[in-house]
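Order-wise, the sequence lines are chains A and B. The numbers in this note's numbering rise by one with no breaks, and the one at position 51 of the first sequence is 51. The numbers in this note's numbering rise by one with no breaks, and the one at position 126 of the second sequence is 126.
Hints listed in this document are in silico derivations from the structure and should not be mistaken for laboratory results. Check each hint, because a few of them may be wrong.
Copies of the same chain look alike in the list, so a pair counts if it fits in one copy or across any two.
Lysine-lysine pairs mimicking DSS-like chemistry, simulated, CA-CA at most 25 Å apart [as the list claims (entries may be wrong)]:
no., residue 1, residue 2
1, LYS187, LYS125
2, LYS187, LYS2
3, LYS40, LYS136
4, LYS136, LYS125
5, LYS152, LYS40
6, LYS2, LYS125
7, LYS22, LYS89
8, LYS89, LYS2
9, LYS125, LYS40
10, LYS40, LYS203
11, LYS36, LYS2
12, LYS203, LYS2
13, LYS125, LYS152
14, LYS2, LYS136
15, LYS89, LYS203
16, LYS89, LYS136
17, LYS22, LYS40
Protein chains: 2
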Amino acid sequence: MKLYDTRTAPNPRRVRVFLAEKGIEIPNVQQIDIGKLEQKAEEYRRINPLRRTPALELDDGTILTESVAICRYFEEIQPSPPLMGTDAKSKALVEMWQRRIELHLLLPVALAFRHTHPAMAEMEKPQFPEFGEANKPRVLEFLQHLDNQLGKHRYIAGDTFSIADITALVACDFMRPARIPRSQDLKNITRWYGEVSTRPSAKA
Amino acid sequence: MKLYDTRTAPNPRRVRVFLAEKGIEIPNVQQIDIGKLEQKAEEYRRINPLRRTPALELDDGTILTESVAICRYFEEIQPSPPLMGTDAKSKALVEMWQRRIELHLLLPVALAFRHTHPAMAEMEKPQFPEFGEANKPRVLEFLQHLDNQLGKHRYIAGDTFSIADITALVACDFMRPARIPRSQDLKNITRWYGEVSTRPSAKA
Numbered sequence: 001m002k003l004y005d006t007r008t009a010p011n012p013r014r015v016r017v018f019l020a021e022k023g024i025e026i027p028n029v030q031q032i033d034i035g036k037l038e039q040k041a042e043e044y045r046r047i048n049p050l051r052r053t054p055a056l057e058l059d060d061g062t063i064l065t066e067s068v069a070i071c072r073y074f075e076e077i078q079p080s081p082p083l084m085g086t087d088a089k090s091k092a093l094v095e096m097w098q099r100r101i102e103l104h105l106l107l108p109v110a111l112a113f114r115h116t117h118p119a120m121a122e123m124e125k126p127q128f129p130e131f132g133e134a135n136k137p138r139v140l141e142f143l144q145h146l147d148n149q150l151g152k153h154r155y156i157a158g159d160t161f162s163i164a165d166i167t168a169l170v171a172c173d174f175m176r177p178a179r180i181p182r183s184q185d186l187k188n189i190t191r192w193y194g195e196v197s198t199r200p201s202a203k204a
Numbered sequence: 001m002k003l004y005d006t007r008t009a010p011n012p013r014r015v016r017v018f019l020a021e022k023g024i025e026i027p028n029v030q031q032i033d034i035g036k037l038e039q040k041a042e043e044y045r046r047i048n049p050l051r052r053t054p055a056l057e058l059d060d061g062t063i064l065t066e067s068v069a070i071c072r073y074f075e076e077i078q079p080s081p082p083l084m085g086t087d088a089k090s091k092a093l094v095e096m097w098q099r100r101i102e103l104h105l106l107l108p109v110a111l112a113f114r115h116t117h118p119a120m121a122e123m124e125k126p127q128f129p130e131f132g133e134a135n136k137p138r139v140l141e142f143l144q145h146l147d148n149q150l151g152k153h154r155y156i157a158g159d160t161f162s163i164a165d166i167t168a169l170v171a172c173d174f175m176r177p178a179r180i181p182r183s184q185d186l187k188n189i190t191r192w193y194g195e196v197s198t199r200p201s202a203k204a
């Protein structure tokens with residue numbers, strides 16, 4: 001088994017934190033440096049023709065891409081501790097919050113970053129800075145919903161830590177390079193962030 | 001159990017086709033008319049504060065939103081026929097293709113539609129028409145990858161029909177109002193589309 005990882009990118013981090021929570025170590029890891037456009041090299045296109053990290057190569061040669069697909073593989077082969085729910089309702093609620101976080105937090109943060117940050121001028125051609133800026137108020141609007149949810153529950157999908165917390169932690173940290181400040185008035189998010197960002201897995 | 005549905009929108013259709021494939025009928029369905037902005041009415045905000053359809057209200061009052069979360073609930077309570085894989089590897093491969101279709105097909109088609117179609121001027125304020133147009137070549141580039149995959153397999157995630165086919169069918173049909181023509185030169189997609197669009201579930 002071999003993992004293709006990028007230390008500096010948010011999506012590969014989702015997988016690293018997930019694996020750390022499971023206590024799974026993958027000895028064979030190759031770094032793909034996005035700054036050097038290594039994901040576009042011919043050698044990596046054989047792994048993922050869509051030119052993105054992370055990717056997981058199984059021992060039978062099967063290649064899995066997409067962070068959540070890789071996480072789902074590990075959830076299936078090692079269900080404990082469960083990070084994607086345990087019965088129909090909890091699995092659906094984790095999926096719901098995971099997707100809300102992706103669609104209304106991680107995606108607009110990423111679009112703001114890609115379309116406004118000078119470092120992305122080469123990778124995101126053309127940039128549309130006004131469109132990028134228009135994503136920022138959407139992030140702030142969703143954070144208010146998230147703060148309400150975290151006023152009712154310890155973690156995002158309920159009272160158990162899940163993959164939705166991992167995605168939200170990564171998205172919150174991604175707000176910094178995207179230059180979207182997170183208000184400290186969102187007290188429930190601040191409480192939650194203090195908790196999840198100090199779990200040992202957050203360093204992964 | 002009650003389903004909040006919108007006949008005219010792509011995401012609720014994903015759930016309807018999924019249920020049709022499972023042979024599940026939900027007697028209690030309420031239509032939310034997006035054209036009349038019913039999703040923004042106070043009554044519906046109680047169901048989904050994020051103001052989107054579909055939503056599923058369970059008998060215990062739990063509300064599930066996000067199309068794939070609703071599908072996952074039904075996959076868990078009625079596994080047959082399986083539409084999300086059956087073991088660790090097939091579940092991960094379905095998740096991978098589902099997310100590739102969402103990220104590289106459904107999302108750019110939706111962004112092109114929202115930012116260029118006059119009917120969306122009220123819902124997507126402000127529209128960025130040039131950004132919308134820039135999504136169209138991304139769709140065409142991904143369709144080439146998809147055509148390669150469908151040259152190797154009968155269905156998108158392999159030789160079994162899955163939720164990834166449902167999402168791709170819905171995305172392909174959404175290309176029409178987004179005004180992105182699908183080339184008939186993509187012979188494998190044309191073969192696949194002919195097959196999945198004539199399944200009885202496609203009418204759901």
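So, going through the hints one by one against the coordinates:
1. LYS187 x LYS125: The answer is neither: 38 Å in one copy and 30 Å across copies each exceed 25 Å.
2. LYS187 x LYS2: So LYS187 and LYS2 fail the 25 Å test inside a copy (40 Å) and across (34 Å) alike.
3. LYS40 x LYS136: Between copies only: 21 Å across, 29 Å inside.
4. LYS136 x LYS125: Both: 20 Å inside a chain and 14 Å across chains, each within 25 Å.
5. LYS152 x LYS40: Classified as between; 23 Å across copies, 44 Å inside a copy.
6. LYS2 x LYS125: neither (31 Å within a copy, 45 Å between copies)
7. LYS22 x LYS89: both (22 Å within a copy, 18 Å between copies)
8. LYS89 x LYS2: Only across copies: LYS89 and LYS2 sit 15 Å apart there, 33 Å inside one copy, limit 25 Å.
9. LYS125 x LYS40: For LYS125 and LYS40, only the intra-copy Cα distance (15 Å) is at most 25 Å; the inter-copy one is 35 Å.
10. LYS40 x LYS203: For LYS40 and LYS203, neither the intra-copy (27 Å) nor the inter-copy (40 Å) Cα distance is at most 25 Å.
11. LYS36 x LYS2: within (21 Å within a copy, 51 Å between copies)
12. LYS203 x LYS2: within (21 Å within a copy, 42 Å between copies)
13. LYS125 x LYS152: Close neither inside one copy (42 Å) nor across copies (32 Å); limit 25 Å.
14. LYS2 x LYS136: neither (36 Å within a copy, 34 Å between copies)
15. LYS89 x LYS203: neither (30 Å within a copy, 28 Å between copies)
16. LYS89 x LYS136: neither (32 Å within a copy, 37 Å between copies)
17. LYS22 x LYS40: Cα proximity of LYS22 and LYS40: none, with 31 Å in one copy and 40 Å across.
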